[in-house]
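*Asks:* Listed below are the residues making up each chain.
Number of protein chains: 2
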Amino acid sequence: MSLKKLFEERSDIAWKANMPSVSIDCVVFGFHDSSLKVLLVRLKDQPLWSLPGGYMGKKEELKDAAARILNERTGAENIYLQQFKVFSKLNRSEDFFKDYDDTLWHKQRFLTVGFYALVNYTDVEPVIDELSDACEWVDINTLPEMMMDHREIFDKALVTLRRQLNYKPIGYSLLPEEFTMPELQKLYEIILDKKLNRGNFYRKMTGYDILDKLDEPRKGGAHKAPNLYRFNLDKYKAALKDGLKEGW
Amino acid sequence: MSLKKLFEERSDIAWKANMPSVSIDCVVFGFHDSSLKVLLVRLKDQPLWSLPGGYMGKKEELKDAAARILNERTGAENIYLQQFKVFSKLNRSEDFFKDYDDTLWHKQRFLTVGFYALVNYTDVEPVIDELSDACEWVDINTLPEMMMDHREIFDKALVTLRRQLNYKPIGYSLLPEEFTMPELQKLYEIILDKKLNRGNFYRKMTGYDILDKLDEPRKGGAHKAPNLYRFNLDKYKAALKDGLKEGW
Chain A
1 MSLKKLFEER SDIAWKANMP SVSIDCVVFG FHDSSLKVLL VRLKDQPLWS
51 LPGGYMGKKE ELKDAAARIL NERTGAENIY LQQFKVFSKL NRSEDFFKDY
101 DDTLWHKQRF LTVGFYALVN YTDVEPVIDE LSDACEWVDI NTLPEMMMDH
151 REIFDKALVT LRRQLNYKPI GYSLLPEEFT MPELQKLYEI ILDKKLNRGN
201 FYRKMTGYDI LDKLDEPRKG GAHKAPNLYR FNLDKYKAAL KDGLKEGW
Chain B
1 MSLKKLFEER SDIAWKANMP SVSIDCVVFG FHDSSLKVLL VRLKDQPLWS
51 LPGGYMGKKE ELKDAAARIL NERTGAENIY LQQFKVFSKL NRSEDFFKDY
101 DDTLWHKQRF LTVGFYALVN YTDVEPVIDE LSDACEWVDI NTLPEMMMDH
151 REIFDKALVT LRRQLNYKPI GYSLLPEEFT MPELQKLYEI ILDKKLNRGN
201 FYRKMTGYDI LDKLDEPRKG GAHKAPNLYR FNLDKYKAAL KDGLKEGW
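So the protein sequences, as listed, match chains A and B.
Here full-length UniProt numbering is used: the first residue of the first sequence is 1, the next is one more, and so on.
Here full-length UniProt numbering is used: the first residue of the second sequence is 1, the next is one more, and so on.
Isolated chain A, as found in the complex (with noise of 0.2 Å):
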């Protein structure tokens, strides 16, 4: 069935279940392969590449609605989600709803509320549901063109992840639950954009005092093994509550 067709079958039912005028996109960024990813969809039909997104419930609140949209599409649960801005810029989408009756409830004015996620990226399964027919992780250097504003939205997220990397669990969140300081080194050059001096991370990473270095390197390779680390997460939440003191 031609995406036209689902939303004029859907209209009837989502004007009455949602909450008028309010929309949510997420931004889901994973880390894996040294390479930050975001989780892109491909309605039917279309040429561009959306983030995804969905409504609120009438009786729900905003942040369960997205954790609710991010479930079904990933089928991850619990994850890290973090609401940072409002986008409410008129005829948002009048040119992609341009073709579709007005009473249309996907037509209307929406002001979207723009979500980051940050998951584990071996936690997702990516699901192509009705609406579209990709679902993928896209590297954020590389991002292919996107519809309506999404592109303006994913870059406010990734500016707010960078400002926001000295006081939420960042880097707990995205990296697998041991990982190596080159490893969260490179997370860290990737988020704010530039290189870091190896020897500075270190001793910054380890005077917060918030890993873990474990007994046991990792194993296998031919090179020395590196150390692996965790985060020591009372500790990363207390020195967070006030912000890690240093820029990078």
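It should be emphasised that the hints constitute simulated quantities derived from the structure, not laboratory data.
Treat each hint with caution, since some may be false.
Put simply, identical chains are the same to the list, so a pair is met inside one copy or across any two.
Computed cross-link-like contacts, BS3-like style, restricted to lysine-lysine with a CA-CA straight-line distance of at most 25 Å [to be verified]: (1) K59 with K156; (2) K59 with K237; (3) K156 with K245; (4) K241 with K186; (5) K107 with K241.
Following the hints, complete the assembly by docking chain B onto the known chain A.
*Replies:* Structure of chain B alone, referenced to chain A:
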């Protein structure tokens, strides 16, 4: 006329003019006499205080609506405004409107978008509108009890201000054009909620190279006249772009 009657009178027009589901609440900060103040309103016939707020026109963008609401309330133009969070709790206003008809515009479920505003205290002339019987500056350390979730909105605004101190022009927007180093330090201490060492503060602040020292010290007073400074806006903005590097 009673508040109830006024709401009832305005309900029909509000249904026609505004975006459903979305309201705006503003936390307006001003700095005066070495204390940080917030602008509060007391609606007619109400014991509790509230944040100045309102609704968003169908053809209006969010920030423009917040600017309009604040202009009506303060007379000030070009106010520094920053949205910081959407508050979406169910039944936020249920108690407040329990004696009203269910069809009343104001009784519907609203998600409210919190904005903080930074104003030059002397630019503001608080306006008591038809719905309220008080509109006053209150020291943030002696806040009265507030209605609905307005205290939670205020608290979140203050935390946001604290976290954005290194990358938003907060000092510039709150201080008069010319100020002394102790005045700037006092503002930082209030926002950060901690005492700062005078020598360290001076060293860091001058190290950022964002202030111009005036040739003439402040006139009057028995003591040695203190030096006056003003933000160098070009340098300040350039430095904030990447974020000031050190914690406080």
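*Asks:* State for each hint whether it applies.
*Replies:* Right, here's what the structure says about each hint:
Taking the shortest Cα distances, K59 and K156 sit within 25 Å of each other only across copies (24 Å), while inside one copy they are farther apart (28 Å). Neither within a single protomer nor between protomers do K59 and K237 lie at most 25 Å apart by alpha-carbon distance, with minima of 32 Å and 43 Å respectively. For the homomeric pair K156 and K245, the shortest alpha-carbon distances inside one copy (23 Å) and between copies (21 Å) are both at most 25 Å. Within a single copy, K241 and K186 get their C-alpha atoms as close as 24 Å, and across copies as close as 22 Å, so both meet the 25 Å cut-off.
In this homomeric assembly, K107 and K241 never come within 25 Å of each other (Cα to Cα): the closest approach is 42 Å inside a single copy and 36 Å across copies.
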